[in-house]
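*Asks:* Please build the complete structure, drawing on both the sequences and the hints.
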Amino acid sequence: MLLSMLYLGARNESEAELKSALGYRSIGLNGDEPHAAMKHLLSNLRTELKSASGKGYTLELANAVWIQNGFNVLKEYKDKLNDFYDTETQEVDFQTHGQIVQQRVNNWVQWKTSNMITSLLEEPLSTNTRLFLTNAVFFKGTWLYKFDKQFTLDLNFYNEGRKDRPKLVPFMSQTLKIPFANINELNAKAIELPYSGSDVSMLILLPHERDGLSKLEKTLTASTLRAIYSRLSRKDVAVHLPKFRLEQNFDLRLFLERLGVKSIFDESKANLAGIDGVGNLYVSKALHKSAIEVNEEGTKASAVSAAATSVRTSSIRLEYFSAEHPFLFIIRDKKSGLILFLGRVSSF
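At the far end of the sequence shown sits residue 641, using the working numbering, and the numbering has no gaps.
Quick caveat, the hints were computed from the structure, so don't treat them as lab data. Treat each hint with caution, since some may be false.
When the alpha-carbon atoms are kept at most 20 Å apart in a straight line, the in silico EDC-like pairs for lysine to aspartate or glutamate are as follows [to be verified]:
| id | residue 1 | residue 2 |
| --- | --- | --- |
| 1 | K562 | E308 |
| 2 | K536 | E485 |
| 3 | K582 | E415 |
*Replies:* Here it is in structure tokens:
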């Protein structure tokens, strides 16, 4: 979403690079069409969230733009940010009150993520900063089939997929009738764990081989993911999944440059004239911080009752899914296809 907000104000080479990286060029979206499509998607998602309120999960989406006092931002850009992305605008003083701005941004992030992330900025931004765009996403959900804590036991997880680096960690266990696929051409298997009261689920992709995560990641594309979801079918599965909590910081610049987005970071080449009208802006920092917690209750624990399904007869064929080595997880809204979170668990 943050890149789409930048794309809204990008022009010429900067616009072309972002358009390609965001995939808008490949699906033929031009002008305001991608922003209108995002607005429609977010509107549908918020409607779904409203109807699901109190049924077991929460999803918060928030955007804010922090602008240097007295700096001219085009009214058209601010209006479109508000219309398409429901973005709040706040005037601050990066030049003389950097630490105050740092605290305000961190307080906003903490508030919007319900204290899951307590800080985004570890130090004040540069005094040359004129615009700072932030996006926060917070998800809390309970499993449709919660794991019974009495079956949680310490088992070995092979850090980085290495046999010589096992570590005992708490594993949740239960047998469920859930979507499952064994995908031999990817040398991996997948399960989908649904959340209560929603169309949101977690897909977990587990390589067959302990050290197979890097190879699996290289094969993943949007079309590969669609194919994985289409292959899932309900099976009786014995699931063993480690409890985990992740908090990670990313500098998005290296990632974006690999996707061909380079000019926005170059003071002499960036063209963000759709923001200030003259093109004097460039992107000096692109930060991303994420946190997720998975336990017996769900993701970011919440106490909502749900019925577990267990298999007790030996005549039923069981599939086994034991995430004892590095794996990928994707939290996705099934109605819209929107990926809310994507990450990897590789070590403890």
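*Asks:* Could you run down the list of hints and mark each one as holding or not?
*Replies:* Against the structure, the hints:
1. K562 <-> E308: Distance ~12 Å between K562 and E308 Cα, so the pair holds.
2. K536 <-> E485: With Cα atoms ~16 Å apart, K536 and E485 stay inside 20 Å; holds.
3. K582 <-> E415: Measuring from Cα to Cα gives roughly 11 Å; hence the hint holds.
The structure is consistent with each of the numbered hints, conforming to all of them.
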